[in-house]
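Take a look at the letters that make up each chain.
Number of protein chains: 2
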Amino acid sequence: MKKEDNSFVLRGAVVYSGSETELMAYEDAFVVCVNGVSEGVFTELPEVYKALPLTDAGGMLIMPGMTDLHIHAPQYALRGSYMDLELLPWLNSYVFPEEASYADLGYAKKAYEIFATEMRSGATARACVFATAHQEATLLLMEMLEESGLMTFVGKVNMDRNVPDYYAESTEQSLLATREWLEAVQNKGFKKTRPILTPRFTPSCSRELMQGLGKLAAEYDLPVQSHLSENLSEIDFVKELEPDVSCYADSYLRAGLMGKDRPCVMAHCVWSDETEAEMLKDNGAFIAHSPESNINLCSGVAPVKRYLAEGMHVGLATDVSAGTSASMFAAIRNAIYASKLRFRLYDENTAPLSFPEAFYIATKGGGAFFGKAGSFEKGYLFDALILDDASIPTARTGLSVSERAERFIYLGSEQLIRAKYVSGERVF
Amino acid sequence: MKKEDNSFVLRGAVVYSGSETELMAYEDAFVVCVNGVSEGVFTELPEVYKALPLTDAGGMLIMPGMTDLHIHAPQYALRGSYMDLELLPWLNSYVFPEEASYADLGYAKKAYEIFATEMRSGATARACVFATAHQEATLLLMEMLEESGLMTFVGKVNMDRNVPDYYAESTEQSLLATREWLEAVQNKGFKKTRPILTPRFTPSCSRELMQGLGKLAAEYDLPVQSHLSENLSEIDFVKELEPDVSCYADSYLRAGLMGKDRPCVMAHCVWSDETEAEMLKDNGAFIAHSPESNINLCSGVAPVKRYLAEGMHVGLATDVSAGTSASMFAAIRNAIYASKLRFRLYDENTAPLSFPEAFYIATKGGGAFFGKAGSFEKGYLFDALILDDASIPTARTGLSVSERAERFIYLGSEQLIRAKYVSGERVF
Numbered sequence: 368m369k370k371e372d373n374s375f376v377l378r379g380a381v382v383y384s385g386s387e388t389e390l391m392a393y394e395d396a397f398v399v400c401v402n403g404v405s406e407g408v409f410t411e412l413p414e415v416y417k418a419l420p421l422t423d424a425g426g427m428l429i430m431p432g433m434t435d436l437h438i439h440a441p442q443y444a445l446r447g448s449y450m451d452l453e454l455l456p457w458l459n460s461y462v463f464p465e466e467a468s469y470a471d472l473g474y475a476k477k478a479y480e481i482f483a484t485e486m487r488s489g490a491t492a493r494a495c496v497f498a499t500a501h502q503e504a505t506l507l508l509m510e511m512l513e514e515s516g517l518m519t520f521v522g523k524v525n526m527d528r529n530v531p532d533y534y535a536e537s538t539e540q541s542l543l544a545t546r547e548w549l550e551a552v553q554n555k556g557f558k559k560t561r562p563i564l565t566p567r568f569t570p571s572c573s574r575e576l577m578q579g580l581g582k583l584a585a586e587y588d589l590p591v592q593s594h595l596s597e598n599l600s601e602i603d604f605v606k607e608l609e610p611d612v613s614c615y616a617d618s619y620l621r622a623g624l625m626g627k628d629r630p631c632v633m634a635h636c637v638w639s640d641e642t643e644a645e646m647l648k649d650n651g652a653f654i655a656h657s658p659e660s661n662i663n664l665c666s667g668v669a670p671v672k673r674y675l676a677e678g679m680h681v682g683l684a685t686d687v688s689a690g691t692s693a694s695m696f697a698a699i700r701n702a703i704y705a706s707k708l709r710f711r712l713y714d715e716n717t718a719p720l721s722f723p724e725a726f727y728i729a730t731k732g733g734g735a736f737f738g739k740a741g742s743f744e745k746g747y748l749f750d751a752l753i754l755d756d757a758s759i760p761t762a763r764t765g766l767s768v769s770e771r772a773e774r775f776i777y778l779g780s781e782q783l784i785r786a787k788y789v790s791g792e793r794v795f
Numbered sequence: 368m369k370k371e372d373n374s375f376v377l378r379g380a381v382v383y384s385g386s387e388t389e390l391m392a393y394e395d396a397f398v399v400c401v402n403g404v405s406e407g408v409f410t411e412l413p414e415v416y417k418a419l420p421l422t423d424a425g426g427m428l429i430m431p432g433m434t435d436l437h438i439h440a441p442q443y444a445l446r447g448s449y450m451d452l453e454l455l456p457w458l459n460s461y462v463f464p465e466e467a468s469y470a471d472l473g474y475a476k477k478a479y480e481i482f483a484t485e486m487r488s489g490a491t492a493r494a495c496v497f498a499t500a501h502q503e504a505t506l507l508l509m510e511m512l513e514e515s516g517l518m519t520f521v522g523k524v525n526m527d528r529n530v531p532d533y534y535a536e537s538t539e540q541s542l543l544a545t546r547e548w549l550e551a552v553q554n555k556g557f558k559k560t561r562p563i564l565t566p567r568f569t570p571s572c573s574r575e576l577m578q579g580l581g582k583l584a585a586e587y588d589l590p591v592q593s594h595l596s597e598n599l600s601e602i603d604f605v606k607e608l609e610p611d612v613s614c615y616a617d618s619y620l621r622a623g624l625m626g627k628d629r630p631c632v633m634a635h636c637v638w639s640d641e642t643e644a645e646m647l648k649d650n651g652a653f654i655a656h657s658p659e660s661n662i663n664l665c666s667g668v669a670p671v672k673r674y675l676a677e678g679m680h681v682g683l684a685t686d687v688s689a690g691t692s693a694s695m696f697a698a699i700r701n702a703i704y705a706s707k708l709r710f711r712l713y714d715e716n717t718a719p720l721s722f723p724e725a726f727y728i729a730t731k732g733g734g735a736f737f738g739k740a741g742s743f744e745k746g747y748l749f750d751a752l753i754l755d756d757a758s759i760p761t762a763r764t765g766l767s768v769s770e771r772a773e774r775f776i777y778l779g780s781e782q783l784i785r786a787k788y789v790s791g792e793r794v795f
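Protein chains in written order, with our numbering: chain A, 368 to 795; chain B, 368 to 795.
For the record, the hints were derived by calculation from the structure and aren't laboratory data. Careful, some of the hints might be misleading.
A pair holds if it fits inside one copy or across any two, identical chains being indistinguishable in the list.
Derived DMTMM-like pairs (lysine to aspartate or glutamate); straight-line CA-CA distance at most 25 Å [what the hints assert, rightly or not]:
id, residue 1, residue 2
1, 477, 503
2, 606, 510
3, 627, 611
4, 555, 641
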């Protein structure tokens with residue numbers, strides 16, 4: 368076997384999602400990475416891998432790197448502020464002014480450096496990232512993320528209506544700038560950073576803009592990310608703006624921004640009705656479940672358990688800065704919290720998310736948007752975290768690996784990540 | 368003015384609760400402590416205090432120390448485990464076996480040392496603490512807390528029914544052991560650690576035990592802590608066990624464990640009806656709002672905003688280990704989260720908690736159980752935290768002190784506490 372830099376073996380207490388509901392846990396096992404791809408997990412190391420360099424994590428937890436399916440890089444500086452508002456006033460009062468400041472490349476550099484540094488040091492291996500409407504600042508962000516070690520989709524945001532003048536684009540400008548941005552990205556030759564079309568959401572994108580973006584999606588064969596059915600006032604607004612769609616999702620579908628051959632991520636889907644859920648399912652759309660965001664903006668809670676039961680694609684997202692934390696560990700906790708209150712206070716027919724289910728959406732669920740990612744099963748892109756859970760003191764002994772994983776997610780933090788690998792490359 | 372060790376001045380960006388809804392914030396101010404008590408906040412230092420030693424926090428945030436109104440010390444080792452259960456099965460499967468292990472003083476020492484060390488390093492200045500049924504281990508915990516710098520009430524737990532044999536006491540044993548424990552505490556001469564009577568909750572305390580404890584409360588003039596109306600199955604169980612009470616709270620009231628002259632803390636009060644809320648109000652009972660616990664065990668969410676509007680005493684609590692985190696910063700966040708989902712999903716007539724309101728219950732609200740604590744107003748016991756919020760990077764500049772405080776609570780952690788004072792004594 369050819370020995371390469373990204374071919375190696377890790378040894379430790381291994382945990383990953385076998386399925387939506389099942390956590391696979393090994394007290395002492397070997398995870399094998401060959402050319403950036405997992406060969407699987409072995410309790411005894413097969414002879415054929417014994418020549419590979421081995422890192423013994425000394426019994427520490429080894430789990431897959433996580434996927435943040437929805438995060439706004441230019442809102443990172445706003446985290447933890449003005450959390451007493453709902454979606455539309457919050458956007459108008461704080462988010463649009465902040466994003467507009469990325470016209471200044473000096474500010475963009477300062478702010479995106481902080482973002483990229485923190486993403487690098489977190490549990491996130493892969494992410495779908497919103498930038499701003501500015502093509503230069505978006506390119507700058509992509510350059511920084513290319514250096515961060517993460518695998519990302521990054522989108523220049525499009526919007527031509529219901530946005531303050533200081534930040535709005537005309538339909539034509541928006542499409543032209545997007546094409547220029549796509550051409551510039553092609554010239555950059557990024558290896559880890561890919562473009563994704565990013566109509567902000569229907570309230571801020573005219574039908575013409577959506578159709579133009581749909582054509583670009585086809586021409587450049589691009590995935591799409593946007594927002595969907597987050598807040599009840601937003602949904603009413605969409606009905607008013609687009610009275611002829613069958614549901615909010617249809618405003619994307621009819622423009623070619625969602626479809627069986629058009630990978631897309633829709634953030635939130637808190638209030639999707641049956642028509643919409645079916646449309647998402649039929650078109651293989653990914654739901655970026657953003658629990659902390661949906662709590663902070665009083666949006667509600669998506670019925671994740673039901674979406675999973677229906678075989679839909681669900682991933683987890685931090686949605687900074689409607690979510691205050693870019694921590695995927697916190698996002699897992701928040702997904703469980705939100706599902707429990709949804710169950711107790713709103714709909715006792717939809718059970719809360721169990722720990723294995725929340726862990727699944729954070730890893731394998733969202734990872735699927737990037738191909739095979741978020742698991743250690745054979746053939747998966749090798750993303751891994753080594754976690755020092757023993758640094759969280761307890762008097763108890765003899766915890767199982769599953770118990771240790773649950774405990775780490777509740778009590779751990781990014782400071783306890785001792786190593787991070789993305790596609791077999793060691794990030795730190 | 369006599370200069371003492373616990374007379375000094377702090378300078379920095381000062382924030383505290385003026386009232387339930389109002390945050391007082393000073394960009395650059397002096398907080399004066401004389402003999403452990405606040406003299407107030409001054410934008411210019413009065414001449415009379417200029418001889419006191421001054422610590423300049425270099426613009427860091429200075430906020431009051433916090434009160435954790437309800438935490439179970441012997442459950443600290445269980446944090447972050449088995450969070451997929453509701454109250455009664457969780458108690459029987461995990462909590463009772465864990466607590467029973469404190470019969471072993473060696474285990475108790477190991478576990479309580481971790482607890483006391485982490486309480487010392489956190490934002491909590493004052494706490495109401497449940498121990499176990501064991502008098503020796505409870506004394507040991509009190510000795511450790513006496514050394515921790517915190518001001519605490521600590522209770523030996525009482526329970527004589529519906530508890531597994533390996534952990535139950537007889538009524539007589541329970542009362543005798545409590546008296547012995549109280550006598551032993553008196554002989555210890557603690558300065559910071561006071562006893563509090565602690566019937567676990569009505570399901571595990573017979574009427575005879577409650578009445579015996581009520582007599583002890585009167586004889587030793589003791590406060591009381593217990594649980595109330597946390598979970599719907601628990602409430603049904605109480606109705607079955609005590610069919611002649613007017614509400615769950617009445618089971619404490621009729622035994623003299625609550626009353627106008629009997630300070631008491633009741634954890635949860637998630638499902639208190641009008642009768643019960645009125646009884647709590649009339650008797651000046653403190654509600655220990657435990658949002659993370661109430662989420663984790665799918666209990667529900669207490670209508671804190673309504674309780675505050677009705678002029679009831681509400682403090683905040685972590686309720687480890689039904690709450691996974693002993694962090695009061697996390698508890699403030701969780702109080703806001705829970706209130707927002709309660710508002711959106713259950714009762715749109717009760718508004719969510721604002722940041723100032725959640726901050727209030729964490730400081731001045733719960734602090735009132737200890738007298739005047741949790742504020743920098745003149746005459747308050749001087750509990751303070753110095754917080755290094757500048758270590759949380761952001762590209763934004765010119766944030767107000769209120770904005771910095773909100774941001775710190777959402778993004779900060781115990782590691783960023785640079786100094787902690789309790790009653791004017793520097794803890795670290």
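Hints, verified against the model:
1. 477 - 503: Within one copy only: 14 Å inside, 57 Å across.
2. 606 - 510: Classified as neither: same-chain Cα gap 38 Å, cross-chain 64 Å, threshold 25 Å.
3. 627 - 611: Within one copy, since 22 Å is at most 25 Å while 64 Å is not.
4. 555 - 641: neither (42 Å within a copy, 66 Å between copies)
Consistency with the previously given hints fails for numbers 2 and 4, ordered from lowest to highest.
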